[in-house]
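Q: Residue numbers (the UniProt record's numbering), protein chains in the order written: chain A, 1 to 301; chain B, 1 to 301; chain C, 1 to 301; chain D, 1 to 301.
Any given hint could be a false lead.
Unchecked claim - Under the rule of at most 30 Å between Cα atoms (straight-line distance), these lysine-lysine pairs were calculated in the DSS-like manner:
| id | chain 1 | residue 1 | chain 2 | residue 2 |
| --- | --- | --- | --- | --- |
| 1 | A | 69 | A | 150 |
| 2 | A | 249 | A | 150 |
| 3 | B | 69 | A | 249 |
| 4 | D | 249 | C | 150 |
| 5 | D | 249 | D | 150 |
| 6 | C | 206 | C | 71 |
| 7 | C | 69 | D | 249 |
| 8 | C | 249 | B | 150 |
| 9 | D | 150 | A | 150 |
| 10 | A | 71 | A | 150 |
Stated by the list, open to error - Distance ranges between label pairs, derived from CB positions:
| id | chain 1 | residue 1 | chain 2 | residue 2 | range |
| --- | --- | --- | --- | --- | --- |
| 11 | A | 255 | B | 178 | 50 to 60 Å |
| 12 | D | 48 | A | 255 | 31 to 41 Å |
| 13 | C | 264 | A | 252 | 25 to 35 Å |
| 14 | A | 178 | C | 291 | 50 to 60 Å |
What the hints contain is simulated information worked out from the structure, not anything from laboratory work.
Glycine included, every Cβ here is placed at the ideal spot set by N, Cα and C.
There are 4 protein chains.
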Amino acid sequence: MSIVLGSNRYGKAENRIVRIYRDTPRHEIHDVSVSTALHGDFAAAHLVGDQLHVLPTNTQKQTAYSFAKEKGLLSIESYGIDLATHFVDHIEPVAGARIEIEEFAWERVVVDGAEHNHTWMRRGQKTRTAAISVEGTGPAQQVWVVGGLKDQVILKSTGSEFAGFMQDPYTLLQPTNDRVMATSLTAGWRFMTTDVDWEAIYAGIKQILMTQFALVHSLALQQTLYRMGEAVLEAYPLIAEIRLSAPNKHHFLYDLSPFNVANNDEVYHAADRPYGLIQATITHDDASDAGPAWDSYAGLV
Amino acid sequence: MSIVLGSNRYGKAENRIVRIYRDTPRHEIHDVSVSTALHGDFAAAHLVGDQLHVLPTNTQKQTAYSFAKEKGLLSIESYGIDLATHFVDHIEPVAGARIEIEEFAWERVVVDGAEHNHTWMRRGQKTRTAAISVEGTGPAQQVWVVGGLKDQVILKSTGSEFAGFMQDPYTLLQPTNDRVMATSLTAGWRFMTTDVDWEAIYAGIKQILMTQFALVHSLALQQTLYRMGEAVLEAYPLIAEIRLSAPNKHHFLYDLSPFNVANNDEVYHAADRPYGLIQATITHDDASDAGPAWDSYAGLV
Amino acid sequence: MSIVLGSNRYGKAENRIVRIYRDTPRHEIHDVSVSTALHGDFAAAHLVGDQLHVLPTNTQKQTAYSFAKEKGLLSIESYGIDLATHFVDHIEPVAGARIEIEEFAWERVVVDGAEHNHTWMRRGQKTRTAAISVEGTGPAQQVWVVGGLKDQVILKSTGSEFAGFMQDPYTLLQPTNDRVMATSLTAGWRFMTTDVDWEAIYAGIKQILMTQFALVHSLALQQTLYRMGEAVLEAYPLIAEIRLSAPNKHHFLYDLSPFNVANNDEVYHAADRPYGLIQATITHDDASDAGPAWDSYAGLV
Amino acid sequence: MSIVLGSNRYGKAENRIVRIYRDTPRHEIHDVSVSTALHGDFAAAHLVGDQLHVLPTNTQKQTAYSFAKEKGLLSIESYGIDLATHFVDHIEPVAGARIEIEEFAWERVVVDGAEHNHTWMRRGQKTRTAAISVEGTGPAQQVWVVGGLKDQVILKSTGSEFAGFMQDPYTLLQPTNDRVMATSLTAGWRFMTTDVDWEAIYAGIKQILMTQFALVHSLALQQTLYRMGEAVLEAYPLIAEIRLSAPNKHHFLYDLSPFNVANNDEVYHAADRPYGLIQATITHDDASDAGPAWDSYAGLV
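Please work from the sequences and hints to get the whole structure.
A: What follows is the structure, encoded as structure tokens:
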């Protein structure tokens, strides 16, 4: 029995890059946090501290900023593919690269009824995400792209039940046929191809998720999530699978009866912790292998 | 020289109340964090641990939840006045009360082009705020109301300079005639009256702040803030004063010249810390006394 | 009625300075976050965007870093006085300066029973704080120093009651004669002089606060806080006043009776929100005027 | 090609349980955040909203609190095993369970030189962690235990180099032979057995990690991490593997030369983002299969 180095990777996390397009008076803004991770022939750095094969994380950072201009930063999926393939193709010891990106949304300030050319408000805590993994070079090169969103807080004030559940000696919960259901949705969808209109599909998936959350009469958060994912896969056959993680942000009906005040599902306490947490994958049954697609690095996705 | 009890107050902070209006199929939601603070004749609790005059913080909580139904929770300023005056008017030892409220904004999910009746997305990290202070009872009772917003992140990608500044031996900064200017605005405006259309004025002030931020060609963040505040006071004579606190969220132009890549104000690094921090009050010269209006309790406002 | 500029200040917030003393093999570390704020004759910057009198916040930052070497960074109170008086004495338009400092504690790693010379572990989320305000120049110059600590989480598992409190129609709370009491203490103490052994007095006050929290049989958090503050003022006549802010971090006894499990004050739920919040000042009755001592700028103190 | 439900699980996250042992006047405290996740035959809940097999997350919560008394809460690994096996053994549809636990450390307040019986200060942001996965019932049951710690911030002010690294056109970094090295360590170690003195081994591993960080002359963070992990595996053959994730919290030497101030590795800027991020596994070459051991659920570990 001997001790050996197992899997390892390194990179620069949370590069806060802002890219302004200013070719016309109507500027565009792309505001991202980018993390890069490389793996490959780096054993010497671990075992004996030899950096000869180590591309500094500072270099990875410089590259990420420079590529925002060299390659452009319009769709984060596309930018991530450019960055990942660069490291794999041009840095000899690199066998694979992973790029994780969070994009912060901005909306234009409206002045006198018109969107302003160069002034924005930050839009929500929700972020769009992408994770790109590239392995190998030449014809054997494989690319995995996962698009997504996270921290999309949504709530419905009716149309949600929870009843008929299992009982054991620790079960005190009462069934309900009308409750507030809220979650802070994190979703990732894995593409089968890179020949994608990234902007259109992001907007389309987001709309489907929101629509299904609104329209499905919910018997359980599990059921709602499944329908949301199923609708995405029905609409987009190029999505191999979608993974959803949804905290059940509990809203407890507040008991006002001691004060002789009726509470007809009107006043709730929004609890912080604990929260339910539902995670589910909805997949095409012939989906390609996920490979390293979901191997989270810096927690941005 | 003896040791005495000075100013003191106590209450329940960050009650997370959600109020749903469901009288029609089109529900309304008001999602708030409410803090209550009381001061008055509470020396015995401090000096000898006698609680006879102490209304428990739990009771303050119960009242806050119950008032969301009893009095309604439409405008936070109005709800806060109801709650504060209740404590001052009906709890004997209470000389004054302060209510601080944060309101989290939601926007309706749009399904097939129409706003949904009972499904929302949380809108941004920006929150609306209110702080209500009530002192005294009967004809001598005084009420101060401060409305506001906080964490409104805004950015303009041009139309901002910083030049002609003072030099000393520690001054290394180079002047610039075109920069990205961004801040996370916190603003509070003090009313001279409580006879106010709270919703209309909140929307109006927010629009003025955004419009001025967009339209003013900025020579300094100080100047932009002054114009923003001045425009609010010009539009609303019932505002006694407005206080603005604005971190200068630095966006540094990234040096790509080592890579022979031109960066024509296109690629920036968004820095976390340190940040500039500008604070200013713009006031009517005959504004009434601020009293305890700005005496922050739980940090919600 | 005209619109005028009211009070205003500006500076650089949260400079993250780490100062290593390495004159001997046993290094020392001081790890701080420093905010600087200046006020004075800056109306032109606000009114017309004229920066001629504005010392850039970047310059304030450079000065703060350089002073860590020039003046040293041993006691944060002393460093803060040096920095504040520099701005007031040497920058013409500056009428007053405020420096707020948070210091992060480190403890040495122990190797084979001995403290290591140059390796540390970060010690807790608790931080030591200081706020220095300097107004005016020459003989009329005044200096206020507030030392403090924040986010010191403390808990006692017995020796705390809460009973005999006021009742109103919203009062549901049951009295208790044995509860868990916990808080995250923030304290600030104002000095009457600057001729102080800053390190000794910080250690002394912290010990007194912890000791009193442990030893006082608590009838209310108010009473505990008063005793803590009183003991500090008794021990240190050079302290004019101490201000304490203490969230009551509720620990609710968990009801295990449905499972026929006895819970003799053994299993609690630690709640996040809401929380009680007690604030009190304990003061010498002849304390000097507080002036701007408590006028918080960046929220570090 | 059809759409199917893939892997899924659900549970209650971040139950904030505090367990006091008060059998003698010298109390003991265990303060934890516990997350439970179940997987198994739950397809009906997803596909048709049928809850018949769903043990509510509320029930999981009740069980977690009750087990703090029924089974005790001394070592988090042991408590987690009890809880996981309960769900797998007694809840019919459950095929496997995962328990993730964070434990917050407290240290006794010292009064007059003696540790106090029932008063504590919270100790640091560092937490101890455990993740327990149990799959299957009866003789086929398998149990995986991962112990760990997270957010252990450590720093050394000398004894760290970074030089001799790879160069490419984006490489601007200068080599250094003396730097500040700091990280916020997260580590997890997987046990080959459950017959373990959990307290002793946690203390032992933590000491080894700190000692190696202090003693290894670092040529790269990678090398330091490898030595830390190797030393743990050498000391504890019952550890199958250890995984380390270490952000390189950059401390940049501050340039004081414009002010003619010498900075001999004494004044640094502590940067927030971006940061390097090094992840490595050190393993016994014959380690048993990791199974679901590292399949993080609620992010507590």
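Q: All hints, please: hold or fail.
A: Here is how each hint holds up against the structure:
| no. | hint | verdict |
| --- | --- | --- |
| 1 | 69/A x 150/A | 26 Å, holds |
| 2 | 249/A x 150/A | 15 Å, holds |
| 3 | 69/B x 249/A | 22 Å, holds |
| 4 | 249/D x 150/C | 24 Å, holds |
| 5 | 249/D x 150/D | 15 Å, holds |
| 6 | 206/C x 71/C | 26 Å, holds |
| 7 | 69/C x 249/D | 22 Å, holds |
| 8 | 249/C x 150/B | 25 Å, holds |
| 9 | 150/D x 150/A | 23 Å, holds |
| 10 | 71/A x 150/A | 26 Å, holds |
| 11 | 255/A x 178/B: 50 to 60 Å | 59 Å, holds |
| 12 | 48/D x 255/A: 31 to 41 Å | 33 Å, holds |
| 13 | 264/C x 252/A: 25 to 35 Å | 27 Å, holds |
| 14 | 178/A x 291/C: 50 to 60 Å | 57 Å, holds |
Hint check: no violations occur; every hint is consistent with the structure.
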